[in-house]
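Peer 1: So you can see what is in the structure, the chains are spelled out below.
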Amino acid sequence: MTLTSERAIIEVEQLSKVYGALPALQGLDFSLARGEFVALLGANGSGKSTLLRLLSGLSKPSAGTVRIGGWELPREAMAIRAQIGLVAHRPLLYENLTARENLAFFGRMYGLQAADCEARAKTLLRQVGLPRRADALVRTFSRGMKQRLSIARALLHGPAVLLLDEPYSGLDKSAADSLDDLLAAAQQDGRTILLSTHQLERLPPAAGRALILSRGRVAYDGALEASELAAIYQSASA
Amino acid sequence: MKTSYLETVLAIAGKDLRVELRSRELISVMAIFALLSILVFSFALELDRAAREETVGGVLWVTLIFASLLGLNRSLAQEYDLGNLDALLLAPAPRSAIFVGKFAGNALFTGLVGLLLLPLMTALYGMNLLDGRLILTALVGVFGFCAVGTLLATMTAQTRAREALLPIAMLPLALPFLLTAVRATKGILTGAAEWQVWFQLLAGITVIYFVLCLLLYGYVVEE
Amino acid sequence: MTIELESKPMPLLLRALTIMTVLGFATTLYLGLFAAGTDIQQGDVQRIFYIHMPSFFGAFTAFGLTVLGGVLALARESDKWDKIALAGVEVGLAFALINLLTGSIWARPIWNTWWTWDPRLTSAAVMCLTYAAYLMLRAGIEDANRRRAFMSVYGIFAFVTVLITLFIIRIVPDTIHPVIVGASPQNAQGSFEATSGVVLALLPSMALWLTVMPITLIWHRYRLEERREGLDRLKLKLLSE
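Protein chains in written order, with my numbering: chain H, 1 to 238; chain D, 239 to 461; chain C, 462 to 702.
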């Protein structure tokens, strides 16, 4: 236990979330080591989004504990929020602001110094391949561009953990490939990544481990390249 | 790491102001509505001089409250539809500071509409509404009902029939403001000393509502 | 497989409260309608006060419980207190409507009108509308956790209209509504002298409407809500099988 909790950045114990009478998550147990890249698999409605919302502090657990970087949810949510970057279904950007203005705004919301924030925004915009669109309004962006800016937004405050909810949906082949490159780079910076998807045929190549959810429970937790993964996934989502 | 209160408020209010300066979406809708409203009232009520003195306060305040409803609905719907309310909540910023930031933008736009209405009604109704006391009353009233309105619009933005639900939820709670502000306005226009009692009452209700909003906002944005 | 709706037996205390409410209501009706003397100026119509004023205070207690329920529902994330808050709104609204209706019946002979836009009457009507809005808003929110949070907040805010209705007589001098406790405003029409005979009939009625009656009704309504939810769970279970 001591060994794992030193290495683990995310520890989830007996986590449950209930919406009214509907259980969304039922007694989840797992932990993520620092620097790990984990793919969160499961059919629609298996509880992937609920789990990511809980981990990012947007929603409170009904029972169980979540510890991230040694802090506990929901009591120490403020400290946890500073360590989390979330890329959600929706881009979480302001359409009537430019890319640069969006990043400047979110930088302020995370308490970054204006000068630091500007420098980081510049680097990130280059990394996500949007340096020339920095001063264009976000509403003129394509889905893929919004997605990339959204990743820049999530990485802006240098979070230890990056959570992504179905980032491949709506992306074409080249956009998805550049997403993979970005994620690999983020992992190399030492970030822990949890990425959810329901498409088994499009898995992040950098991920080393899979976590399959089925009806709010962990159905599989192990190596991603296991040959029986497809079969397990099929039976879990049936 | 935690973002400071003031920084959060300024960031959100500044962002809303910048978006609004660019699109003029809220203020133009609110201003045009307010204009139409005072014109419609003056036709519908066929106001003669004496009747105008009686009703001008009511026309002003009903117009302001309805205009603010339009603005509030849009302001919070914009945040909610793109998921940006989540983006604000993801930040390590105090929840009540998020409220104050959203409130500041809404109050500013509604206040501007109010300041636009006063000279306009002065010209159209032939009565001097450009009185320091009246401007103060207008600003306090706007402050108060925009606070409740921001809280309620945050709630109704997360429901299905929000355009219908915001007025239903808001109007009963805005009535204490309407009641006191209309009386204060009437008192000021007719030179009655009792306007002070009404103004104090309005200010008191504003303080109570604002404190309640600060305390309770966290609960309506967190699941 | 047999499916049964879970049902808890009625607690002894609730049985006792129910009996107290029924007997108390009968007794206070008797006191108000027969035992108390007839008002010299107003005649028999004055007897409506033995219901009119207590019903407002019953609404006060019920809406107060909504505030308490809201605060505890928020603090403890408790669905139980949320149900109590809802029960408080429904019972309180029923009491407030009784209050408006009886007032209106009294006003017809005394003020010569069913309704007038007097500050207190207006604020009482606003109060009713606020709680009607509570029920509409509640019906519009599907997610249970959100509903609990929103309605707790709304229930707390709504109480401001109750306080305004209660105190407006003292703030707004131009009401024609008489004040029962303390001095009436100068222009109050149809005053109400608290003579000893009146007090004898009014006090028990006040005590009943202020405490036992709203609590009993809210408790019953709470149990009904619990059973309704049990039924929903049962439906869900049946559907998933």
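Mixed in with the good hints there might be a few duds.
[To be verified] The list that follows gives simulated cross-link-like pairs (lysine-lysine, BS3-like), each with its CA atoms no further than 30 Å apart:
hint : chain 1 : residue 1 : chain 2 : residue 2
1    : D       : K240      : H       : K60
2    : C       : K541      : H       : K122
3    : H       : K146      : D       : K424
4    : H       : K146      : H       : K122
5    : H       : K146      : C       : K469
6    : C       : K696      : C       : K469
7    : H       : K173      : H       : K146
8    : C       : K541      : C       : K696
9    : H       : K122      : D       : K240
10   : H       : K60       : H       : K122
11   : C       : K541      : C       : K469
12   : C       : K469      : C       : K698
13   : C       : K541      : C       : K698
14   : H       : K60       : H       : K146
15   : H       : K60       : C       : K696
[Claimed, not checked] Which chain C residues face chain H? A few, computed with CB under 7 Å, are given here:
hint : residue
16   : G525
17   : I602
18   : K698
[What the hints assert, rightly or not] Label pairs and their in silico Cβ distance ranges:
hint : chain 1 : residue 1 : chain 2 : residue 2 : range
19   : H       : D177      : C       : L700      : 54 to 60 Å
20   : D       : R262      : H       : E118      : 36 to 42 Å
21   : H       : R75       : D       : T360      : 53 to 59 Å
22   : H       : R75       : D       : A431      : 49 to 55 Å
23   : D       : L354      : H       : R215      : 54 to 60 Å
24   : C       : R688      : D       : D319      : 34 to 40 Å
25   : H       : A114      : D       : L453      : 28 to 34 Å
26   : C       : L661      : D       : T360      : 58 to 64 Å
27   : D       : E263      : H       : E201      : 37 to 43 Å
28   : C       : D693      : H       : R215      : 18 to 24 Å
29   : C       : A487      : D       : V445      : 42 to 48 Å
30   : D       : D319      : H       : R75       : 30 to 36 Å
31   : H       : G158      : C       : R688      : 29 to 35 Å
32   : H       : R215      : D       : V445      : 25 to 31 Å
Since the hints were derived computationally from the structure, they do not count as laboratory data.
Treat the numbers as computed from the prediction; the structure is a model and nothing was measured.
Glycine included, every Cβ here is placed at the ideal spot set by N, Cα and C.
Peer 1: Hint by hint, note whether the structure agrees.
Peer 2: Taking the hints in turn, this is what the structure says about them:
1. D:K240 / H:K60: holds, 19 Å
2. C:K541 / H:K122: violated, 52 Å
3. H:K146 / D:K424: Violated, at about 53 Å.
4. H:K146 / H:K122: Roughly 16 Å separates the two Cα atoms, so the pair holds.
5. H:K146 / C:K469: Roughly 55 Å between the alpha carbons, so the hint for H:K146 and C:K469 is violated.
6. C:K696 / C:K469: Roughly 19 Å separates the two Cα atoms, so the pair holds.
7. H:K173 / H:K146: Satisfied, since the Cα-Cα distance of roughly 16 Å is no more than 30 Å.
8. C:K541 / C:K696: With Cα atoms ~21 Å apart, C:K541 and C:K696 stay inside 30 Å; holds.
9. H:K122 / D:K240: Distance ~23 Å between H:K122 and D:K240 Cα, so the pair holds.
10. H:K60 / H:K122: violated, 34 Å
11. C:K541 / C:K469: holds, 15 Å
12. C:K469 / C:K698: holds, 20 Å
13. C:K541 / C:K698: Distance ~21 Å between C:K541 and C:K698 Cα, so the pair holds.
14. H:K60 / H:K146: With Cα atoms ~28 Å apart, H:K60 and H:K146 stay inside 30 Å; holds.
15. H:K60 / C:K696: holds, 27 Å
16. G525: violated, 27 Å
17. I602: violated, 11 Å
18. K698: violated, 9 Å
19. H:D177 / C:L700: 54 to 60 Å: violated, 43 Å
20. D:R262 / H:E118: 36 to 42 Å: violated, 27 Å
21. H:R75 / D:T360: 53 to 59 Å: Holds, since H:R75 and D:T360 (Cβ atoms, about 55 Å apart) stay within the stated range.
22. H:R75 / D:A431: 49 to 55 Å: holds, 54 Å
23. D:L354 / H:R215: 54 to 60 Å: Holds: the Cβ-Cβ distance is about 56 Å, inside 54 to 60 Å.
24. C:R688 / D:D319: 34 to 40 Å: Given a distance of about 38 Å, which is inside 34 to 40 Å, the answer is holds.
25. H:A114 / D:L453: 28 to 34 Å: 31 Å Cβ-Cβ, so the 28 to 34 Å window holds.
26. C:L661 / D:T360: 58 to 64 Å: Given about 60 Å between the Cβ atoms, the range holds.
27. D:E263 / H:E201: 37 to 43 Å: Between D:E263 and H:E201, where Cβ atoms are some 42 Å apart, the hint holds.
28. C:D693 / H:R215: 18 to 24 Å: With a Cβ separation near 20 Å, C:D693 and H:R215 satisfy 18 to 24 Å, so the hint holds.
29. C:A487 / D:V445: 42 to 48 Å: The hint (42 to 48 Å, Cβ to Cβ) holds, given that C:A487 and D:V445 are roughly 46 Å apart.
30. D:D319 / H:R75: 30 to 36 Å: Distance hint for D:D319, H:R75 holds at roughly 31 Å.
31. H:G158 / C:R688: 29 to 35 Å: Violated - the Cβ-Cβ distance for H:G158 and C:R688, about 53 Å, lies outside 29 to 35 Å.
32. H:R215 / D:V445: 25 to 31 Å: violated, 50 Å
Checked against the numbered hints above, the structure violates hints 2, 3, 5, 10, 16, 17, 18, 19, 20, 31, 32; every other hint is satisfied.
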